[in-house]
Amino acid sequence: MPNPTSPDPRGRTLVAFDTLLTLALQEQTCRDLDALPGPDELARLYPDTARWDKRLRRALRDRRRARPPAGPRRMTLRRLALVMAVLVLLMTCALATSAEVRYAVRQAVLQWTDRELRLTYATEGAPDPAALTLPEGFSDHYVPEGFVMDEENSLDYTDFFFHAYYDSENPYNTYSVTCYAIQPTGQIETFDNEHTVYETIDLHGIEATLGTSSNFDGSTSYYLFWEEDGIHYTVHGNLMLETIVEIANGIS
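Residue numbers for the sequence shown follow my numbering, so the first one is 1298 and each next one is one higher.
If you're looking for bench data, these hints aren't it; they were derived computationally from the structure.
Keep in mind that this is a model prediction, so the values were computed, not measured.
Derived CB-CB ranges, DEER-like: (1) A1427 x E1539: 28 to 38 Å; (2) E1496 x D1425: 27 to 37 Å; (3) A1405 x S1549: 19 to 29 Å; (4) L1452 x T1410: 20 to 30 Å; (5) E1421 x P1334: 49 to 59 Å; (6) L1318 x T1455: 53 to 63 Å; (7) S1465 x T1430: 26 to 36 Å; (8) L1330 x R1415: 53 to 63 Å; (9) T1319 x F1459: 50 to 60 Å; (10) Q1484 x R1328: 52 to 62 Å; (11) P1426 x S1465: 33 to 43 Å; (12) T1497 x E1539: 12 to 22 Å; (13) V1494 x E1448: 25 to 35 Å.
Even for Gly, the Cβ is constructed at its ideal location relative to N, Cα and C.
Work out the full structure: start from the sequences and follow the hints.
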């Protein structure tokens, strides 16, 4: 630690900056304390209120003594109407289990950039813990003939799964399925935009986004993604479009 003071070659005493700052803060603190009112000034500004407390307690005691004895009370029409209105409101909220009251996914937000397409979801409402996990047994139940799961590169959690597959006869033919329960904090998913053309298609009555891209070897890859009942779905692969759609329809 450097000394707070040290002589310079000319014989003068140099004071460290930290020491000067500490002295300045101490001086300012002393001035602030001196500016505070003393005991006499505080007594003048805030006199003793004990006598007012006694008068208040006496008034409350006299009021309780003058109150009529308890007996049957009749609820006025105005109070009855107010109570009924509150009950109706409570019953309405209790019975309304739709997305208007509970947690819901409002819309998918697509943000286009030069190289990628970013997908986020706007949510609303208080999340029910059950809505933030995937249903029991939820998975992709259709696997094309000849394809096997790549166990090392697949993941399974309560709120998310990623399943990768490859063709046992031609490992260059691959596809993947991603599903996750949309969280209120929001997730960001990106897709290739530099070499992909996107369009909207109908998938078993659900509006889905289909991206078509050309690979360097001349094959075609597809990105198919959509949202349904608070769950995001993505099927991506270089298979035929009919097979991609069949895989998508087999997720439940």
